[in-house]
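Engineer: Okay, here's what each chain looks like letter by letter:
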Amino acid sequence: MTDLPASSAGSANSAGEQADGASARPMQERLVWLADHFKREWQIYVMLAPMIIWFLLFLYKPMYGLQIAFKDYSIFRGIVESPWVGLEHFETLFNNSQFLRAVKNTVIISALSLIFGFPVPIFLALMFNEILHALYRRTCQTIVYLPHFISTVIIAGIVITAFSPSAGIVNTIIGWIGIEPVYFLIKPEWFRPIFIGSGIWQEAGFSSIIFLAAIAGVNPSLYESAVVDGASRWQMMWKITIPSIMPTIIIMLIIRIGNLMEVGFELIILLYQPATYQTADVINTFIYRQGLQSGQYDLAAAAGLFNAVVAFVLVMAANSVSKRVSRTSLW
Amino acid sequence: MRHLTLASALLTSMAVTTPAIADSHLMIVDDPLELTVHMHHKRYPAYDEDWPVEQEARRLTNIHLKNATVGSNTDNSGEAINLLLASGKLPDIIGTSRIKDVVNQYGPQGAFMPLNDLIEEHAPHLKAFFEKRPDIKAAISAADGNMYYIPYLPDGKYGRAYFIRYDWLDQLGLDLPQNVDEVKAVLEAFRDGDPNGNGLKDEVPYFARQWEELIRLVTLWDGRSSGSDTYHDFYVDSGQIKHPYAGEGYREGVKNLAEWYAEGLIDPEVFTRGSSAREYLLSENLGGMTHDWFASTSGYNRLSSEIDSFVFKAFAPPASISGKRIEEHRRIPIKPDGWAIGGTNKHPVETIKYFDFWFSPEGRNIVNFGVEGVHWTMEDGKAIFTDAILGTGRPVNSQLYELGAQLHARGYFQDYGYEIQWSNEFALEGIALYDEGEYLIDQFLGVAFNEDEQAVYDKYWPSIRTYMLERQQAWILGTGDVEADWDAYMGDLDKMGLNDVLAEMQSAYDRQYGS
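Chains as they are written, first to last, in this note's numbering: chain Y, 5 to 335; chain D, 111 to 625.
If you are wondering where the hints come from, they were derived from the structure by calculation, not from laboratory data.
Source: prediction; values computed, not measured.
Be a bit skeptical, because a hint or two may be false.
DEER-style ranges, computed between Cβ atoms [what the hints assert, rightly or not]:
no. : chain 1 : residue 1 : chain 2 : residue 2 : range
1   : D       : Arg412    : Y       : Phe316    : 56 to 66 Å
2   : Y       : Gln47     : D       : Ala565    : 54 to 64 Å
3   : D       : Ile431    : Y       : Glu184    : 30 to 40 Å
4   : D       : Glu593    : Y       : Leu116    : 53 to 63 Å
5   : D       : Asp160    : Y       : Gln71     : 37 to 47 Å
6   : D       : Gly198    : Y       : Val222    : 55 to 65 Å
Okay, derived cross-link-like pairs now, DMTMM-like style, lysine to aspartate or glutamate, Cα gap no bigger than 20 Å in a straight line [claimed, not checked]:
no. : chain 1 : residue 1 : chain 2 : residue 2
7   : Y       : Lys191    : D       : Asp339
8   : Y       : Lys191    : D       : Glu369
9   : D       : Lys569    : Y       : Glu92
10  : D       : Lys605    : Y       : Glu85
11  : D       : Lys445    : D       : Asp339
12  : Y       : Lys191    : D       : Glu580
13  : Y       : Lys191    : D       : Glu373
14  : D       : Lys311    : Y       : Glu184
15  : Y       : Lys108    : D       : Glu580
16  : Y       : Lys43     : D       : Asp254
17  : D       : Lys199    : Y       : Glu228
18  : Y       : Lys191    : D       : Glu322
19  : D       : Lys569    : Y       : Asp76
Calculated from the model, a selection of chain D residues having no Cβ within reach of chain Y, i.e. all distances over 12 Å [stated by the list, open to error]:
no. : residue
20  : Lys152
21  : Trp161
22  : Ala221
23  : His232
24  : Gly266
25  : Glu292
26  : Gly409
27  : Ser533
28  : Ile586
Glycine is no exception: its CB is placed at the ideal position from the N, C-alpha and C atoms.
Work out the full structure: start from the sequences and follow the hints.
Structural biologist: Structure follows, in C-alpha cells:
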C-alpha cells in the first residue's frame, strides 16, 4: 500500500524505459536511504528550515499579489474581488514620459555605480592585504567600515551639510582655490556624482570584506613558491591574488547586475529636489510618488513588476555570458 | 429623567460638580456596552483605555471602547488603515489621521456606514452643528452625498504670518514694509547694511523652513501658491476650480522671485536647509524675514536674552502690486482626520450617540481640556487649566495628548480657548493685528470624487504636479526663464491632462457645494 504511489511515480519518471516491477525495487531502496539520511542529518534540515520558510512566506507568497498589476485594485474589495483591467496600468506607465525618464535614470545611475563602485572594494581588499602592520591595518579597516553602520538618514544629513554652499566643507575647500561656492544639491548635473560617490563612501569598505575573505583563502604555498622564484609583491598580486579571487569577483558581479535595477532609493528621496528630478528620479522614487503617496497600489505593482522582469533578464544574461567566457556562474 | 436633566443643567451653570447625578443625562446605555476601536495617529499609535479622558467618557456614557488598532508598529497612519482594510475585518469605530479619502473611497463600497440618517435621528449636537455649518457638511460628504466620518475640526483661524526683525528695521532707520517694493528695499538693506553688526555680509534676508514658503510670496504679485493649508493645492476663484501654478500672477511672481533669488535677497540654500532653518538662522542672528506659524515663531523672542534688542514679530501682509493685502495661509476649518463607523458595526445607534457625546458641551470640554476638577475648572463659563497642566513647564499640547485629550483621530470640535491660555504675548499681539486687518481669504476645502473622477485624477495629477514643481524650482534657480518658457509650459500642462483634471474637479465641486 505504502509503495504504490511511489512505484507509480517511479514509472512516470522512467516512462517507456522499464517495466513497473523493475523500477519499484530501486525506488524502495531510495526511500529507505532517504529515511536513513533524514535520521542522520535532521539537524541540518532544521537549520535550513527557517530560511525556506522565510522564502515561502516573504518571497513566494507575495507573488500571488502581483496580479494586482493587472487589476483595478481596491483594498477593501481585496485581491480576488477587484476587477481585471488587462494591461491598462502598463499602458499608463509607458505613456508617461516621467516613467520613461525614471527608467533611463535608473539604468544610468546603476551602470555608473557599477562601473565606478564595483572595482573600489576590490582595490581596497588588495590594499589591505598589502598592509603588513596588523594594528595599522585593522585601524584602516575599521575607518572604512564605519560608514556602513550609519543610517541612511544621517548619511543624507552629512551629504547635505558637506555640500552646503555656506558652511559645507566642499565649498570651503574649493573656496581656497578661488572658486565661487556651488549649490551642488540643486544642480541636476551634480546629482549623480554626489549620489554615487556617497554610496561608494558608505559601502565600499564593508563590501571589501568578502574579497578579503577570498584572498585569505588563497593557498599560501603559491606565494611561497613565487617568493622562491623571486617574484615581486606586485607580480604576486597580479599573477596569484587576482586570478585566485576571480571566481568571487565574477559571482559578486553577477549579483550586482541582478540588483542593477534596485537603486537605493531611500538616499535619493532624502537628497533629491524637484530641481534635480531630471537626473535623480528613478523607478523606485517614481513608484513611491505616483503609487504609494497617492495610493495607486495597482500602478505601483505594475511598475515594480516591470522592474523585476528587467532585473531577471539582466541577471540571466550576465550569468550566461559569464558561463561562456569565464566558466564561472551562479548556476 | 426630565428632572435629572434640569438638575444637571442647574448644577453645571453653578459650576458645581457632583458627577454621579449631574451627568447621568449623558448616559447612552444602561448596561456597559463594549465597542472595538482602531485609533491611529503618529503621536499615539494605539487606543489606550487608561487615558484619563477615556475613563471620564466611559463613566459618563457607559460606552467602553476596546483597543483593536492594527499597525501600531508604524507611525504611518495611512499604512495602518490600509492594513486594516486589507484584513477585511473592521472594528466598530475607526479613527485615524487622513481618514477622509479612505472613507470617501471605501464607504460607498460598504466598508463604512453612512451617517446622515443616524445623525438626523440620534445625534442632536452633531445635527445642530451641521445645520449651523452647511459648508462643513458639504466638505466632508462623499460623492454619493453621504457623510462617512466625523472630522476633527480645528478652532482658531490663524496659522502663518509674515515675521520680520523689528530691531534690524530700527537700526537701519527703516519702517515696516507696506508693499512689495518696500519689502524688496528692506531685504536689500538687510543684505547690504550689516544689521547684525559683525562686519560680515552674512545676513540671510528672507528664509523659510519649507521652501514652499518662498513660493508663498507670489501672492505679492497677485499670484497664488495654494488654495488650502496643503502646499500646491487647487483653489477656487468665484466658483471656478483653478490651479495656482497655471495663473498669470504666478508667472509674474516667479519671474520676480527669481530676480530676488539671484540678487541674494533669498536664502541661497532655501531648498535644502530644511526644518532647522528658523532655529539656526535666528539663533545665529542671521535671518531677517520669514513666513511662519504665529505661536512657534513668536516663541523665538526668548532669544532677546542672548541677542541684544532681538525682536522678531509679525507684521501685516504687504500690499501686492495691485494693492491687495492677503494672508494666504490660515488654519483650515476641517481636517481630513477623524473617525467613522465600521460597516459591520452592530450598534450604530449607540455609536453615533457616542460620537455625539463629544460634541455636547460636557464632552467638548473633556476632549479639549481633560478632566474637570483635575486638569481644569470652570471660571465664568470658561474652562481654565489648573496648575496640574500650566504649572509643569512642559508644552501644554503634549501634556494633553498624554491625557487622551486633543486627539485628532477622534471627531471633535476644538476650542481655541485651550491654546490661547498658553500662547505667547507676541503671538497674541500678532493675531490681534491680523484680526483687525481681515487679511484671510477663503479656503478650498477639497472635493470628494466618484470613481470615474478619481481615475482621471490619479492618472494625470501626480505627473503634472511633479512637472510643475520641477519647472518652478528651475525658474527660481535661474536654470530656466519663466518668461521664455511660459507658453511651452502651459502647452505641456494641457498635454499632460491638466484641463481634464480641472474638469473632473469642477464637476465634483459643483456636485458637492452646489454651483
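Engineer: Next step is simple, just say for each hint if it's right about the structure.
Structural biologist: Evaluation of the provided hints:
1. For D/Arg412 and Y/Phe316, the hinted distance range of 56 to 66 Å is satisfied, since their beta carbons lie about 59 Å from each other.
2. The beta-carbon spacing between Y/Gln47 and D/Ala565, approximately 56 Å, falls within the hinted interval of 54 to 64 Å.
3. Between D/Ile431 and Y/Glu184 the CB atoms are about 33 Å apart, so this pair conforms to the stated range of 30 to 40 Å.
4. Separated by about 35 Å at the C-beta atoms, D/Glu593 and Y/Leu116 break the suggested range of 53 to 63 Å.
5. Taken as a hint, the range 37 to 47 Å holds for the pair D/Asp160 and Y/Gln71, whose Cβ atoms sit roughly 44 Å apart.
6. Here the CB-CB span from D/Gly198 to Y/Val222 is close to 57 Å, well matched to the stated 55 to 65 Å.
7. A C-alpha spacing of about 29 Å is found between Y/Lys191 and D/Asp339, which places the hinted pair above 20 Å, so the restraint is violated.
8. With a CA separation close to 18 Å, the supplied pair Y/Lys191 and D/Glu369 stays within the 20 Å bound.
9. Simply put, D/Lys569 and Y/Glu92 have alpha-carbon atoms about 11 Å apart, close enough for the 20 Å limit, and the pair holds.
10. Taking the CA atoms of D/Lys605 and Y/Glu85, the gap is about 34 Å. The hint is violated against a cut of 20 Å.
11. With a C-alpha separation of about 10 Å, the suggested pairing of D/Lys445 with D/Asp339 holds against the 20 Å cut-off.
12. Restraint check for Y/Lys191 and D/Glu580: satisfied, since their Cα atoms lie roughly 12 Å apart, inside the 20 Å limit.
13. Distance check on the hinted pair: Y/Lys191 and D/Glu373 sit about 19 Å apart at the alpha-carbon level, within 20 Å; holds.
14. Note on D/Lys311 and Y/Glu184: the hinted pairing holds, with a Cα-Cα distance of about 15 Å set against a maximum of 20 Å.
15. Pair hint Y/Lys108 plus D/Glu580 holds up; C-alpha atoms about 18 Å apart against a cutoff of 20 Å.
16. Restraint check for Y/Lys43 and D/Asp254: not satisfied, since their Cα atoms lie roughly 65 Å apart, outside the 20 Å limit.
17. With a C-alpha separation of about 70 Å, the suggested pairing of D/Lys199 with Y/Glu228 is violated against the 20 Å cut-off.
18. This hinted pair checks out: Y/Lys191 and D/Glu322 have alpha carbons roughly 19 Å apart, not beyond 20 Å.
19. Restraint check for D/Lys569 and Y/Asp76: satisfied, since their Cα atoms lie roughly 12 Å apart, inside the 20 Å limit.
20. Residue placement check: D/Lys152 keeps its beta carbon more than 12 Å from all beta carbons of chain Y (closest about 16 Å).
21. The Cβ of D/Trp161 sits about 29 Å from the closest Cβ of chain Y, beyond the 12 Å cut-off, so the non-interface label holds.
22. A cut-off of 12 Å between C-beta atoms contradicts the statement that D/Ala221 is not in contact with chain Y; the least separation is 5 Å.
23. Listed as a non-interface residue, D/His232 keeps its Cβ farther than 12 Å from every Cβ of chain Y; the least gap is roughly 26 Å.
24. D/Gly266, annotated as away from the interface, keeps every beta carbon of chain Y farther than 12 Å; the closest lies near 29 Å.
25. Remark: the non-interface label on D/Glu292 is consistent with the geometry, its nearest Cβ contact in chain Y lying 27 Å away (cut-off 12 Å).
26. At roughly 25 Å from the closest C-beta of chain Y, the C-beta of D/Gly409 stays outside 12 Å, upholding its exclusion from the interface.
27. Here D/Ser533 stays apart from chain Y, with its beta-carbon at least about 32 Å from theirs, past the 12 Å limit.
28. A beta-carbon of chain Y comes within 12 Å of the beta-carbon of D/Ile586; the shortest separation is about 8 Å.
In summary, the structure is inconsistent with hints 4, 7, 10, 16, 17, 22, 28 from the numbered list given earlier, while agreeing with the others.
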